[in-house]
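Taken in sequence, the protein lines are chains A and B. Per the working numbering, the first sequence starts with residue 847, numbered consecutively. Per the working numbering, the second sequence starts with residue 7, numbered consecutively.
Calculated from the structure, these hints are not laboratory results. Since this is a predicted model, take the numbers as computed values, not measurements. One should not assume that every hint holds.
As the list claims (entries may be wrong) - Label-pair ranges, simulated between beta-carbon atoms: (1) 897/A <-> 19/B: 34 to 40 Å; (2) 889/A <-> 26/B: 47 to 53 Å; (3) 957/A <-> 33/B: 53 to 59 Å.
Stated by the list, open to error - Listing some non-contacts, in silico: residues in chain B with all C-beta distances to chain A over 12 Å: (4) 16; (5) 21; (6) 33; (7) 37; (8) 38; (9) 47; (10) 62.
We put the beta carbon where it would ideally sit given N, CA and C, even for glycine.
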Amino acid sequence: MEIFQIVSIGLMATIIILMLRVQNPELATLVSIVAGIIIFMFVISKFSININSIIQMVSRSKLENIYVMTIFKVVGIAYIAEFASQICKDAGEEAIGKKIELGGKILIMNLSIPILAALMDLIFSIINDI
Amino acid sequence: MSISIDILFKIAAIGILVTVLNQVLLNAGREEIAMMVTISGIVIVLLMVVNLISNLFNNVRNIFQLY
């Protein structure tokens, strides 16, 4: 089972971080980054299979492909921003983490405005028809 | 796309080594060399981690079609 590997990697990383944090906190932060990346790489291969099947499902329905692509982009931006902001928060720099989150939110808004505009167009066309 | 867990133990070993060297040098009264040892340890680990981070970014970019 993969979950046991993930849990053991996490616990081991935690113990290493606790060992290092007193003397050199920079290396402890780097260890936490590396542990996060290792777990992510471990899981991502399984996730990419799911993404392909989702894309196939969408292409079978009559939905436009660009909407699903936007969702994936939003998920990617949210993941990266969350990763960095949590690491900043762990290292005691909560302000920097909040700024990273703000940047991620603004970029996500940038991506999702076209979808909102399309929805608004639809609504206005319905209203005008009535 | 698998990364071995070796790098975690490598970083832990470098951290412990740097800590011990730091203590020894501080006790010997060589504060500036102790500082150098700390900085070089951090730089070595950073060089190891930067590759991993760029790997992560490329992966996320490929999977979520972020360009």
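Hint-by-hint comparison with the structure:
1. Between residue 897/A and residue 19/B the beta carbons are some 37 Å apart, a value that agrees with the proposed interval 34 to 40 Å.
2. In this structure the supplied range 47 to 53 Å is violated for residue 889/A paired with residue 26/B, their Cβ-Cβ distance being about 35 Å.
3. Take residue 957/A and residue 33/B: their Cβ atoms lie about 56 Å apart, and the range 53 to 59 Å holds.
4. In this structure residue 16/B is not separated from chain A by more than 12 Å, as the shortest Cβ-Cβ distance comes to only about 9 Å.
5. For residue 21/B, the non-interface assignment is contradicted: its Cβ lies about 4 Å from the closest Cβ of chain A, within the 12 Å cut-off.
6. Annotated as non-interface, residue 33/B keeps its C-beta farther than 12 Å from every C-beta of chain A; the closest such distance is 14 Å.
7. Against the 12 Å criterion, residue 37/B stays outside the reach of chain A, whose nearest CB is about 15 Å from its own CB.
8. With a least beta-carbon separation of about 17 Å from chain A, residue 38/B lies farther than 12 Å from that chain, consistent with its non-interface assignment.
9. Look at residue 47/B: its CB is around 7 Å from the nearest CB on chain A, not clear of 12 Å, so calling it non-interface is violated.
10. Annotated as non-interface, residue 62/B brings its C-beta within 12 Å of a C-beta of chain A; the closest such distance is 5 Å.
The structure does not agree with the numbered hints 2, 4, 5, 9, 10 stated previously, though it agrees with the rest.
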